[in-house]
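**Student:** Throw the hints in and build the complete structure from the sequences for me.
Protein chains: 2
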Amino acid sequence: MQAKEILKQHIAKTASLTDEQFDHFFSYFKPQSFKKGQAIISEGERVNSEYFVLEGILKTFFINDDMKMFILQFAMPTWWASDYNALYSGSKATVSVDCITDAEVLCLSSADREKLCSEIHQVEHFFRWRTNRGYVAAHKRLLSLMNSDAKHRYEELMTQYPQLYNQVPKHLIAAYLGVSRETLSRLYNS
Amino acid sequence: MQAKEILKQHIAKTASLTDEQFDHFFSYFKPQSFKKGQAIISEGERVNSEYFVLEGILKTFFINDDMKMFILQFAMPTWWASDYNALYSGSKATVSVDCITDAEVLCLSSADREKLCSEIHQVEHFFRWRTNRGYVAAHKRLLSLMNSDAKHRYEELMTQYPQLYNQVPKHLIAAYLGVSRETLSRLYNS
DNA sequence: TCATAGTTGTGATGTACATCACGCAATCAC
DNA sequence: GTGATTGCGTGATGTACATCACAACTATGA
Chain A
1004 MQAKEILKQH
1014 IAKTASLTDE
1024 QFDHFFSYFK
1034 PQSFKKGQAI
1044 ISEGERVNSE
1054 YFVLEGILKT
1064 FFINDDMKMF
1074 ILQFAMPTWW
1084 ASDYNALYSG
1094 SKATVSVDCI
1104 TDAEVLCLSS
1114 ADREKLCSEI
1124 HQVEHFFRWR
1134 TNRGYVAAHK
1144 RLLSLMNSDA
1154 KHRYEELMTQ
1164 YPQLYNQVPK
1174 HLIAAYLGVS
1184 RETLSRLYNS
Chain B
1004 MQAKEILKQH
1014 IAKTASLTDE
1024 QFDHFFSYFK
1034 PQSFKKGQAI
1044 ISEGERVNSE
1054 YFVLEGILKT
1064 FFINDDMKMF
1074 ILQFAMPTWW
1084 ASDYNALYSG
1094 SKATVSVDCI
1104 TDAEVLCLSS
1114 ADREKLCSEI
1124 HQVEHFFRWR
1134 TNRGYVAAHK
1144 RLLSLMNSDA
1154 KHRYEELMTQ
1164 YPQLYNQVPK
1174 HLIAAYLGVS
1184 RETLSRLYNS
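Line order of the protein sequences matches chains A and B.
Mapping of the first sequence onto my numbering: residues 1004 to 1193, in sequence order.
Mapping of the second sequence onto my numbering: residues 1004 to 1193, in sequence order.
Please note that a few of the clues may not be correct.
Which copy? The list can't say, so a pair holds if one copy fits it or any two copies do.
[Unchecked claim] Below 30 Å or equal to it, Euclidean Cα-Cα: the simulated BS3-like pairs (lysine-lysine) are: (1) 1039 / 1154; (2) 1033 / 1007; (3) 1154 / 1095; (4) 1011 / 1173.
The hints are simulated quantities; they were obtained by calculation from the structure and are not laboratory data.
**Tutor:** Encoded structure:
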């Protein structure tokens, strides 16, 4: 399927745009290709854009002073990724985004998103609902981190996104679950 | 300060409404008073509204099968609280909201919020930005849960919201930090 | 005013994890 | 093809927490 059609169907689930409106909307998105391992947003840099995934898997992550990595999100096709803190506040990135596999994305600058939101009411509507879904998902994950042990979190993740099992190295899944790779290995061998 | 003025100043930080627009907007909010300990949203019930806090402190929380409580949010004046999952999906509440102190709130139904969002573009703009701030805050907390130990999280919380120290029982602060009340007690006595 | 419930502190013990250390494929680079 | 890198498993040990048990103090309400 074409990039345009993928985005169109994605938007149509939440907002009603006329064809002209959608064409205008789409014209601000820049297609980009990335290779496995390539960085899209690096900590400390300025962040101007957010990214809609067409193909491949991205990760949003943070690396602490001990060089330990924590993954906030795996972004799969039709998901969005960026450092939304930096993007909305204008500050420098505190989290990074890179490619777990080769990836095709559509890039939308923050300035263009705000322009589109103010031009087309339904675009603002779309972004409100999208962000709300992210907010709810983050709260679910907070509860799961506080309430469940690592084994339970692992099983939840594998049930919801079984494709991660084959497509994503185990140490990244561990970094998402918030356990060491050794612990994760012991969990599913039991 | 009047309820109306508090809300007006709160909105004005993110959106530009004319006085007429704000009057219309405000007319949908219902003032409500609650006593300490009173429930606002209970797990399993239908959720119709969200709440803007004028005075007092609310908590949004979840109780698991072992009757252990986890606090997602303390809502202080000018904060919003609800079960946003239930509110946006129409399902029943999975988290509860109640009052830690006596509280004055403004209640806005979900139907009215959607009506106002579609009538007044700037209202939709406001809610998009508000939700984005919540999303970013939730991700910060996810990182803090995965990266920091309980002592560090406690100090962060007390630095950012020192008023919680006196106004909120310690076992609720523990339920927010994700540790037992015993552990919390040992943390700050050292 | 007395009883009861809610809040906080502290010791003893248990456990789910992290960390360190090592070996062993599979894949990649040149 | 060979050395280097990446990914994965597993044992030994350490630790930050949970849990249980009990005591004391404070606020609330009949």
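**Student:** Now tell me, hint by hint, if it's right for this structure.
**Tutor:** Comparing the hints with the structure gives:
1. Only within a single protomer do residue 1039 and residue 1154 lie at most 30 Å apart by alpha-carbon distance; the minimum there is 29 Å, versus 38 Å between protomers.
2. Within a single copy, residue 1033 and residue 1007 get their C-alpha atoms as close as 11 Å, which meets the 30 Å cut-off; across copies the closest is 43 Å, which misses it.
3. Proximity of residue 1154 and residue 1095 under a CA criterion of 30 Å is satisfied inter-copy only: 27 Å between copies versus 35 Å inside one chain copy.
4. Taking the closest pair of Cα atoms, residue 1011 and residue 1173 never come within 30 Å of each other, the shortest separation being 34 Å inside a single copy and 50 Å across copies.
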